[in-house]
Amino acid sequence: MRREPRIIRVGPGHLARTVAMHRRCSPQTLWSRYHRAMADPRTYVPTLLSRPGSVHLAALGATGRILAVGHLMPDHTAVEAALLVEDSWQGRGLGTRLLHHLGEHARAGGWTTLYGLFRSGDERIDAMLRHAPAPVRRTEEDGAVIAWVPVHDLAPGRPVPRG
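1 is the number of the first residue of the sequence shown in UniProt numbering; add one for each residue after it.
Simulated from the structure, these hints should not be mistaken for lab results. There may be inaccurate statements among the hints.
Unchecked claim - Cβ pair distances, simulated, as ranges:
| hint | residue 1 | residue 2 | range |
| --- | --- | --- | --- |
| 1 | D40 | P135 | 38 to 46 angstroms |
| 2 | G110 | G143 | 30 to 38 angstroms |
| 3 | R130 | A16 | 20 to 28 angstroms |
Please read these numbers as outputs of a predicted model, since none were measured by experiment. Glycine residues also receive a C-beta, built at the ideal position from the N, C-alpha and C atoms.
Take these sequences, add in the hints, and give me the full structure.
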């Protein structure tokens with residue numbers, strides 16, 4: 001019987017597994033997340049996982065291997081959401097699941113706006129946002145897209161729009 005990956009909260013104690021997941025990602029996947037070429041993940045993941053006030057989630061496979069990570073990073077009354085899904089697990093709904101969980105944490109944390117940044121034309125992100133639990137607003141400038149939703153629109157039990 002196959003088990004669905006489970007979503008857990010992670011932090012600095014999960015550094016080795018988070019770095020290992022980053023290393024399994026292709027340069028294109030890392031570019032999609034960070035919008036630039038990235039050095040050895042041991043140089044930036046520790047800072048990311050220990051950022052004050054942030055929430056970090058991971059999708060764990062049956063063996064305990066991290067398959068995807070999601071982050072909420074405070075920005076005054078708003079909070080930025082960022083996701084990274086290992087290449088071999090893309091297209092299976094993990095990003096969407098993490099985004100839903102991040103939305104729940106944003107609502108519980110009292111932030112007013114949840115937003116994310118991505119490159120124009122990123123079809124994977126566009127596909128995931130079609131499953132967001134509320135209408136997503138967007139602005140685009142110079143090839144960068146800012147997508148956001150008022151956190152109060154992320155009410156529990158709200159149906160997920162399809163589109």
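Hints, verified against the model:
Under the hint 38 to 46 angstroms, the C-beta atoms of D40 and P135, about 39 angstroms apart, fit the expected range. Our hint of 30 to 38 angstroms for G110 and G143 holds, since their Cβ atoms are close to 33 angstroms apart. Hint check: R130 to A16, Cβ distance near 34 angstroms, so the stated range 20 to 28 angstroms is violated.
When held up to the earlier numbered hints, the structure conflicts with hint 3 and nothing else.
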